[in-house]
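> With the hints as your guide, set chain B onto chain A.
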Amino acid sequence: MVFPAVAMRGVDLSLGRGAARVHILRDVALTIGKGEAVGIIGASGSGKSTLLMIMAGLERPDTGEVEIDGVKLGALNEDALARFRGQRIGIVFQSFHLIPTMTALENVAAPLELAGASDARERARAELKQVGLGDRLNHYPAQLSGGEQQRVALARALCPRPSLLIADEPTGNLDETTGRAIIDMMFDLPTRRGATLALVTHDSALASRCDRVIRMRSGRVEETPPVAVSV
Amino acid sequence: MNAPAALTRDRGRAPTMRFALRDLRGGLAGLRIFLLCIALGVAAIVGVESLARALNDGLGREGRVVLGGDASFSLIHRRLSADEQRFLEAHGSLSTIATVRGMARVASGDAALIEIKAVEPSWPLLGAAVFAPSMSLDDALGERDGVFGAAVEEALLARLNLKLGDVIRIGEASFALRTVLVSEPDRLATGVGLGPRALISQAALDATQLVQPGSLVRWTTRVVMGGPNGAPDNSAVQALMGQAKRTFPEAGWDARSRLNVSPDFSRDLDRFAEFLTLAGLLSLVVGGVGVANAAQGFVDRKRATLAILKAIGATGSGVVALALLEFAIVALIGALAGAALGSAIPFAVDWLFGSLLPIPLAPSIAPSLIGLGLAYGLLTALAFSIAPLGRAHDVPVTTLIRDLVEERRGWPRKRYLAGAALAGAALIALAVLTSPQRSIAAMVAGATVGAFLALRLVAFGLAYLARRTPQSRFVEWRMALAAIHKPGALTPSVVLSLGLGLTALVALTLIDANMRAELHDSEPGVTPSFFFLDVRGADAGAFVDFLKRETPGVKISETPMMRGRFVQLGGRPVEKVKPSDKVAWALEGDRGVTFAEKPPEGSEIVAGEWWPSDYSGPPLVSMEEEVAEGLGLHVGDTVVVNVLGRDISAKLANLRKVNWRSFAINFVLVYSPNALQGAPYTELVSAALPSAAPDAELTLMRAVARQFPAVASVRVREAMDNIETLVAKLALAIRAATGVALTTSVLVLAGALAANRRARLADATILKILGATRGRLTMMFLIEYALLGAATAAFGVAAGTLAAYWVVERSMQFDFVFDWRAALAAAGGGLAITVGLGMIGAWRTLSQKPAAYLREL
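Residue numbers (our numbering), protein chains in the order written: chain A, 1 to 231; chain B, 1 to 857.
Just chain A, with the same shape it has in the complex:
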C-alpha cells in the first residue's frame, strides 16, 4: 500500500490558558503526496508555522490525526517521535538555529550521530560539499555569513535523507540573491532524492515554485489553489 507523505485529519490546536487561550488551528485536513512540494502561505498568526510543527511532531494537536509516511504520530511516545523525526524529517528554520559550539561539519553530522550512524562525518562532509561549503567544514556558525549558515542548516536537514523536508521561512533572514541560491538548492536536492517539501513563506514568488500552494487563514486551510495560480 502506498501512503501519502503527510495526512492530517480534523486537527485542532489551542495554546495558552484561560483568557489568554488562543485557538490556532481549526479542523485542519491536509494531504501531501510523496515527492510533492507544497507552499504554505498566509498572514502572520494564521497558523502556518504551527501547522509545520504539528507535521514535524513537535507539537501534539488537541484533536485530530497526523500520519507521516503512514506512521501515526499520535501513537508514538515522545522518545520514539524524536527518533522518527531524526531519521524521516528534516527541518530548516528562518533563524538557522545552528548549535554555536559545533563546527559546520559537526552541526551537519549531529542528526546522523544521534541516529547512531557510523559514517556520520563522511556523509556530513559530502552533504556540505553539495551545498558548496566543502571549504568551510571546520568553521563555527559565528564565523559564517547568514547565507552560509542557512546552507549548513539545509545540509543538516538533508543529510539523514529525510522523506519530508519542512522549511519555515527559510529565506526570511537573508538578502534576495543569497535567498534565491538557497531556494534553488532546497528545490533541487530533495527533488532529486524524491523527498517531499513543505515550505512556509510570505514570498508568493517562492510559493509559486511549489507544485501546490495552500493558504492558511485564522487557523483553517482555506483553499488549495492549483499550481500556477498565484503568480
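None of these hints come from the bench; they were simulated from the model.
Each hint can be trusted.
Sample of chain A residues with no beta-carbon within 10 Å of chain B, all distances over it, derived: (1) T63; (2) D175; (3) D188.
Which stretches of chain B does chain A cover? Using the computed rule of at least three CB atoms under 8 Å from a CB of chain A, they are: (4) 298–308; (5) 312–324; (6) 393–400.
Yeah, the Cβ is synthetic: ideal placement off N, Cα and C, and Gly gets one too.
Okay, now just chain B, sitting in the frame of chain A:
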C-alpha cells in the same frame, strides 16, 4: 501503524559524550562558580583527611622513635618487678624513664608546677634530644659539686623569671639550669602535661624524695629490639607483646608497641578530622546551591541548543543526559583540582611548619582519599543538578519558531526528582559510612538536611510575605518587595547559600563562647582554686591544718587516691569489651580510684545500695552510672582492676549519678574501704579559696611549695588557661574549615547576583527610561538586599543558637549562655555580605547607560 521497531530502540546515547565535549569547548561561562564550589569543598575534605593521614602515618613511620623503643611498658606507682625486668631484658636493650608532677621553687619563694621526666644516662635510645645550648646529656643533667643539672623548657624560665645558670629546688634537691630543652624525641608518648617539662637524671629524682609509696610516679620501660636491619619486623614486635601479656597477665601495665604508639591520640585525631571533614562537607552542600543555580542557568542559556538537538532527533531524556554529562565533566574537573589542592596541603604544612610540629608528618598522595573527595564532589554535583537539569527534558522545540510556547511548569519529572533524591541519599550514606563516628555524622547530615529544608521554607515564606505585604506608596519599597517575590528572584539563592554558612558560624561561635565561659566560671569559696597531688597519707592532717592556717575560710576536700587499670569486666577480659564511644576513654590507660565509707559529695545512688560504714565482707565497688552503662555493666557484676600490680576483684554494689559540676572530688570507681586496705596511697586535696584574687593563690602556692616540697600544686586557673589555649587552637582549625563554607556561601551569592544581573539591567533600564533616578534605584536595591540579608541573618542566628544550645546542654551538659555579641557579629556580617555584594552588582548595573543596553536588544 506503529513505528518500526528500529526507531523505538534508543540509539541516541552513543554521541552524548562527543556532544558534551563539543559544547564544553565553548568555555565554562556560567559554570565557573559551580567548578569553584566543588573544588573548594573537595579541597577542604581531602586536605583535612590527608593531613590527618600524614600525621598518623608520620606517627607510624616514626613510631619507634616517638615511643622510644619497639615496645613500651608503663606502670604507675611501681617499677618493673625483677621477673618482668628479666623477661624484657631477654628481648632487647631496656631504658626506663620516670614521669611525675612536681613543683619548681626559686629562692624568691616563687614556684611553678612542672612535669618532671627522669631519665637514665642512655636516654634516648632512639632519636635525639635537642638542647640549646647544645651539650651532652651528662653535661646537662650530671651532678657537679653536689648540684644536679636540669634541662627545662623555655616556658619555665619565663614563668619563674629565670636564666640559665640559676638554681631551682625540686623536692629536697637543688638543680642548676644548665640548658634549655628544645625537643624530646619521645614527647608525644610521654604526653603533654599541665606544666613545662624539666628533664633530670634518675639519681636526681631519688634525691628529690618525690618518689614515695603511693605517689603518682609513672615508670615507663622501653625495649629496643634487634633485627635483620637493626630493627625487628612487625611480627617480632607483636610476638613480644603477646608473650608479655601471657607471661604477666596481672602486671597491670599499659603496654604499647611502635605499631600503635598513641591509640588515644590517633583516635582523637581521627575524630577531629572527622569533624573538620563534616565542615568541609557543609561547604560542599552550600556549594550545592551554586550547583543548582548553575544548572538552572545552564538550561536557560542553552535553551536554543537543547531545542535544536530535539528538533534533529534527540530525545528529552537524551538532552538531559547530555546536560548531566557536561555537569559531571565540570564537576570532575573541579573535584580533581580540589583533590590536587587538598593533597598538597600536608606537603605544604610539612614544608612550612614541619620543624615546629611535635609529631613527624609523613605526607603522601593517598588515592583512596582522592577517590573519596571525587566521590563527594560528583555526588554533590549530581544531587543538586539532576532536578534543575531535568527541566531540559521539557524544553519545547517550538521555542525556536515562536514566543507563545506552553511550557511544563512546577516540579521536574518524577524520574529526575528520584535521581536527585538518590544522589542525595548516596552522599549522606557516603558521609555516614566513611565516618568513624556514624551516629554523629548521621546527626550532622540530618541537621544539614533539616536546615536546608527550613531555609527553603524561609525563602518561600519571605517571598510569600513580600507578595502579601500591603501596597506601600513608596515606589522603592514596592519595587524592592516585588523583586523579592517575582519569578527568578534572588531570594532562594541568598537565603540558602548564606543561611547554611551563617547557621554553622553562629553555632560554632556560641559553642566556643560557652566553653570559654564554662572554663572561667568560678565561684569563690565553692569552685576549687587548687588541686594538691601527692599529699602523703601521713602528712594529710598537717597539710590540711596548714592550708586552714594560711588561708582562713578555705573550703577543703580530701580524698585518698590511687591509680588502677581495668582488667576484667563482668567476667570478660577488657580487650574483649566493646565500650560505647562515649566511655571508651575509661578503658584507656589508668584511672583514679578511691575508697570511701560514705557516698562522695555531689553523687546520688541510682541503682543498688551503698555499703555500711563498718562493712568488712568481700570487696565492693561503686561505679559512675554512665560509664557502667557504656561498658555494659550492671549491679552484681564483677569488676577486676589492677592497683599497684595487684588485681582487685570486687562486686559492683551500686551505680552513682555524679554531678560533675558540684566541684566535689569524684571518681568513676569508689571501693569499700576494706578492698584497698593496707595499700599505700596519697591524698588528693582540693581547696576553694574565699577570695578569687590571683595574689592570694600565688601566695598559697609559694607557701605550700616551701612547707611541703613533695606536694604538686595544680592551680585550676592555670590549668584552665592551658585548656583554653588548646581549645582556641582547635577552634581556629574549626573556624578555618567553616571559613571554607562561608567562602563558598559568598561565591554562590556572588554567582547568583552575577547571573541575575542581566535581568536586573533590563528592569533598571526600563525604570530609567520611565524617569527613575539612580538614587531611587539605589534605594530600591538597598531595601531588597537589606531585607534578604536581615531575614537570612535572623534565621542563621536562630538556627545556630538552637544547634549550639543542643550541643552545650545535651552533649557537654552545662548551662547554655546566649552570647549577644557573638550572635550580633555573625548576623551583622551576613547582612553586610549580602548588602555589600548586592550593591557592588547594583552599582555596575546603574552605571550602564540605557542606550547602550537598548542597542544590544
